[in-house]
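> Below, each chain spelled out in residue letters.
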Amino acid sequence: MTTRIVELRRGILKKNDELAAGLRQRFAAAGVLVLNLVSSPGTGKTSFLERTLRELHTAGAKAAALVGDLETDNDAQRLATSGAPVRQINTHGICHLEAEMVGRHLDGWDLAALDYLFIENVGNLVCPSSYDLGEKIRVVLLSVTEGEDKPLKYPSLFNSADAAVITKIDLAEPCGFNREAALHNIHEIRPGIRIFETSAKTGTGLAEWYAYLAEVRSRNDQH
Amino acid sequence: MHELSIVSSIVDTVTESLAAYPGTHVKEVRLRVGVLAAVVEDSLQFCYGIVTEGTPLAGSVLVVKTLPVKAHCAPCSREVELAGIMSMRCPRCGTPATQLLQGRELEIEAIEIEEPEGIA
Ligand SMILES: Nc1nc2c(ncn2[C@@H]2O[C@H](COP(=O)(O)OP(=O)(O)OP(=O)(O)O)[C@@H](O)[C@H]2O)c(=O)[nH]1
Ligand SMILES: [Mg+2]
Ligand SMILES: [Zn+2]
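Going down the list, the sequences are from chains A and B.
The numbering used here applies: residue 1 is where the first sequence begins, and numbers increase by one.
The numbering used here applies: residue 1 is where the second sequence begins, and numbers increase by one.
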C-alpha cells in the first residue's frame, strides 16, 4: 500500500453557493430586490413582514414573499392576508432554507414584475448563516424580549447580516430592554451595520425601514 | 444541526473525487473551517462517524483546521488577525474591522488515500 495526499480545495457548500450565485444573477436581471430575514424562533419575522407587505402594497410597490417553515403553513396564511403573493416552503425538518428550495418555489412568478421579494427563513440563529439564498440583503432580527447579548452568542449570523432590525420595541420598557447594550453588541459584531428599531404592533421605526428599502432599490437600479 | 447536511456534502464530494483513484481507501479527510463558519467541530465529528458508515470514507479520520478571522485594517494598512469573534476590531489600533479576508471558510482541503500497489 502507498499513501498519497490528494489536494481537493473544494467548498463544502459549493453546490449551494453556485445555485445562489445563479439566483442572484437572475434577481439582478429581473430588477427585484431580494431580502433574507433571519432570527430566532418567535422574534417577530412574520409580524414584521406582514405589516411591511401591507404597507408597501398601499404605497404602490409590488412585493412578494417566500416563507420557510419546518412543517406548517401558518405563517404563509398570515402573510397572504396582506394581499401579496406568498408561497410556503416546507423544509420537512431541515433547520434552514437552501438556494435549491428557493429556486424551486419561483416557478410561474414573473420576477420582473416585482420590486421586492422577501424570504422568511426558518427561525434559527445558527444554520441559516452558512446558506446563501442569492439575496442582496440579509436582515437579522432581534426582539427586545430575547436579551441584548444575542449578537455575542451568535456572531456568525450577526456578522453575515447587512441590516439589523430590533423588533417589539413597544415592549422595551416592560422588558427592561437595555438599548445601548443591544446597539453596542450589534456594532461590535458587525461594525457599521444599519439598525432599525421597530414595532410591528405600533408601526414605530417602519418609516425608516421603508426609506432604506427604497434607497437600496435605487442604488440597485444604477447599474 | 446543519452539521448533518455538511457531513453529507463532504461524503458526496470525497466519493466523487475518488472516481479518479479506483481501489483506494480513504484514511483522512482534512477540512479548513473559519471561526465564523457557524460549524461546531464536536457535532461534525459526531455526525462524521455515523454518516460515513457504509461509504468509502468509513473508518477515516476527520481533521479540522480552524482558521481565525483575518481582516484588512485601513489605518494600519496591513492584514491583521483578530483575537476572537466577540469583537470585530483590529488588535493593533482598535478600528472596527469591516473588510474581512478570512474566517468564513468551510472547505475540504485534501484527503489522504491508500492505494494498492502494483496496479498497472
Ligand atoms: N408586542 C408585540 N408583539 C409582537 C410584535 N411582533 C411580533 N409580536 C408577537 O410575537 C409573537 C411571535 O411573532 P411572529 O411574527 O410569529 O414571529 P416569527 O419570528 O415569525 O416566528 P417563527 O416564524 O416561528 O420563527 C407573536 O405572538 C406576535 O404577536 C411587536 O412588534 N410587538
Ligand atoms: Mg414566522
Ligand atoms: Zn489597525
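Don't read these hints as lab results, they were simulated from the structure.
Being a predicted model, the structure only gives us computed values, none of them experimental.
Incorrect hints may have been included.
Stated by the list, open to error - Here are the computed lysine-lysine pairs in the DSBU-like style, where the Cα-Cα straight-line distance is at most 35 Å: (1) A:LYS62 x A:LYS201; (2) A:LYS62 x B:LYS65; (3) A:LYS62 x B:LYS27; (4) A:LYS14 x B:LYS27; (5) B:LYS65 x A:LYS14; (6) A:LYS136 x B:LYS27; (7) B:LYS65 x A:LYS136; (8) B:LYS65 x B:LYS27; (9) A:LYS15 x B:LYS65; (10) B:LYS65 x A:LYS201; (11) A:LYS15 x B:LYS70; (12) A:LYS201 x B:LYS27; (13) A:LYS153 x A:LYS136.
> Which hint numbers doesn't this structure obey?
Hints 2, 3, 6, 10 and 12 are the ones this structure does not satisfy, whereas the remaining hints hold.
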